[in-house]
Amino acid sequence: MSGAALVEVAGLHKRYLAHGPEAVAGIDFSIVEGEIFGLLGPNGAGKTTTIGAITTRVKPSAGLVTVDGFDVARDAVSVKQRIAVIPQRPNLDRSLTAIENLVFHAAYFGEPRRTRRRRAEEMLERMGLEGRADDKVDTYSGGMAQRLMIARALMHEPRLLILDEPTTVLDPQSRLFLWDTMTDLRERGVTLMLTTHDMVEADRLCDRIAVVDHGTIIALDTPRGLRSLLPAERGVEVTVAGAQPLELPGGDGVESVEGRVEEDRWHGRVYGDVTAARLAELVRAADRDLIELRRMEGTLEDVFVHLTGRELR
Amino acid sequence: MNRASNQAFVALFERDLYVTFRKDLIPFLSQSLLQPIFFLFVFGRVLPEIGAARGSYGIALLPGVLALTLMLTALQNVALPLVIEFSFTKEIEDRLLAPLPVTWVAGEKLLIAALRGILGGILIIPLGELILPGGVDLSNASWIGLVAMIVIGALAGACVGLVHGTAVPPSRITIAFGLILTPFIYTGATFYPWESLDGLRWFQVVTLANPMTYVSEGMRGALTDQPHMAAGWVALGLVVSLAVFGFLGVRGFTRRAVD
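Protein sequence lines, in the order shown, are assigned to chains A and B.
In this text, residue positions in the first sequence follow the numbering used here: the first is 1, and each later residue adds one.
In this text, residue positions in the second sequence follow the numbering used here: the first is 1, and each later residue adds one.
In case anyone wonders, no lab produced these hints; they're calculated from the structure.
It should be emphasised that the depicted structure is a prediction, and the values quoted were computed from it without experimental measurement.
Heads up, the beta-carbon is just placed ideally off N, CA and C, and yes, glycines get one too.
Incorrect hints may appear among the rest.
Said to hold, decoys possible - Part of the chain A face toward chain B, derived, beta carbon under 7 Å: (1) Lys59; (2) Phe104; (3) Thr183; (4) Leu185.
To be verified - DSBU-like, lysine-lysine: derived pairs with alpha carbons at most 30 Å apart: (5) B:Lys90 <-> B:Lys23; (6) A:Lys59 <-> B:Lys90; (7) B:Lys90 <-> A:Lys136; (8) B:Lys23 <-> A:Lys59.
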């Protein structure tokens with residue numbers, strides 16, 4: 001990654017109760033200006049605490065957190081001027097209409113009176129909410145509320161936009177819209193940070209991902225870099241019609257085969273250096289109907305489970 | 001930082017004024033005035049009419065009801081919204097992330113709640129004129145004293161509300177409001193002059209813990225020539241109430257706002 005660090009987190013510790021457990025037990029990372037940075041981890045791993053520290057809502061027990069060079073503990077106001085947060089659950093101002101939410105938010109951040117309303121209208125249009133500007137926000141659906149929160153966050157042109165599990169409650173259309181918006185924002189130079197347990201989302205959006213568990217970072221890399229952490233899982237997955245196992249002669253780089261039968265189909269995981277093309281030939285030679293054939297590649301989910309284990313939290 | 005924070009403070013206040021006058025006025029006024037109207041009517045009019053109280057009782061009652069309305073309106077307009085905004089709607093978050101110190105957010109809440117208290121309190125005077133058999137006699141009123149008591153009383157109510165709103169866990173909100181408000185209403189020298197409690201010494205001492213006692217007594221001094229607690233004691237009680245509840249309230253708010 002190129003560019004300067006916008007967020008620096010160094011030796012962050014947080015203990016909520018004097019003798020309680022540490023929610024965050026020494027975290028270090030930096031977020032580079034212009035990237036999408038993901039914080040991935042199981043529930044209770046310390047993601048929300050870490051975000052709280054960056055957004056000035058959690059006071060670090062130890063360590064230093066800075067945004068654009070400003071210490072969150074000593075210069076919270078300067079930090080707040082540079083960031084915006086999209087929370088998990090709507091926190092819109094329910095006494096106000098949609099457009100009033102945006103106009104007053106802009107006022108909190110010192111936007112001049114004459115430009116507030118026009119900018120709010122532009123922003124509503126960009127988020128596809130122009131027809132609902134004068135509706136009270138409690139009539140909004142979950143997806144609309146979130147789009148309005150994005151509009152609100154962008155009203156004061158933050159350098160860093162933080163999204164806390166943004167797609168957990170969204171329908172597929174809203175989710176796609178959000179992903180497009182995030183990519184678009186990054187192109188405009190906004191730095192984004194998100195927490196999620198959605199692997200597809202993390203894989204698709206993030207430039208770099210920190211995997212957090214038990215209050216520490218256990219891996220930090222690009223999605224591809226993280227996938228390479230999996231123990232070598234080379235091979236081909238094959239599904240053919242008929243219950244009987246596929247006959248595989250020795251050689252061809254086949255090391256081992258795991259097969260199972262389901263609804264009169266045989267599924268096999270063929271490990272080793274064998275290629276998909278060679279396996280296709282073998283299926284044809286055995287005169288079987290080929291249903292599915294794919295090269296195995298670790299998913300981010302595999303990496304995640306590999307790193308954090310299967311225990312429930 | 002200061003310019004941004006000043007702008008943010010003014011904008012928060014503007015938002016609250018806008019909601020008070022453009023969205024909330026009727027519900028807000030009915031919520032704060034309904035109870036005092038019944039107090040004035042039942043204690044000031046019905047009881048004398050049926051011979052259960054003296055006809056002049058209304059004169060002692062009005063300053064107390066005025067103090068009660070000021071304080072209770074201010075208290076409820078900070079406490080209840082805070083509990084809801086911190087735990088259920090999370091609306092407070094947008095304010096906490098605005099570019100001003102967290103203590104200023106608390107200060108703004110106090111200011112708007114006090115303003116709402118003043119608004120409700122002032123309306124008690126014309127209501128008293130309408131409801132009380134003898135009307136309201138302001139010929140002996142000290143206007144400076146009255147204005148001072150209205151402003152300070154509303155601020156004190158807001159401070160008590162800030163403590164209340166940040167100390168009560170959301171799961172206990174319904175029970176806590178009843179448990180705190182009822183003694184607050186009935187131990188604040190609202191319905192009786194404090195001095196007349198001489199014969200009930202222990203209760204007279206208990207009422208000193210309620211900031212409303214000083215507001216009611218100060219109001220009695222400002223509005224009537226009836227006996228009331230000495231001005232010095234009223235002033236001391238108010239200063240101590242503002243300091244203690246103001247400090248506890250702002251500290252409670254900061255603790256809720258920043259973990």
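For each hint, the structure was consulted:
1. Lys59: 5 Å, holds
2. Phe104: Since chain B brings a Cβ to about 5 Å from Phe104 (chain A), closer than 7 Å, the hint holds.
3. Thr183: 24 Å, violated
4. Leu185: 18 Å, violated
5. B:Lys90 <-> B:Lys23: 20 Å, holds
6. A:Lys59 <-> B:Lys90: Holds - the C-alpha atoms of Lys90 (chain B) and Lys59 (chain A) are around 19 Å apart, at most 30 Å.
7. B:Lys90 <-> A:Lys136: The given pair, whose Cα atoms are some 17 Å apart, holds under the 30 Å limit.
8. B:Lys23 <-> A:Lys59: 36 Å, violated
Hint compliance for this structure: hints 3, 4, 8 are not met, and every other hint is.
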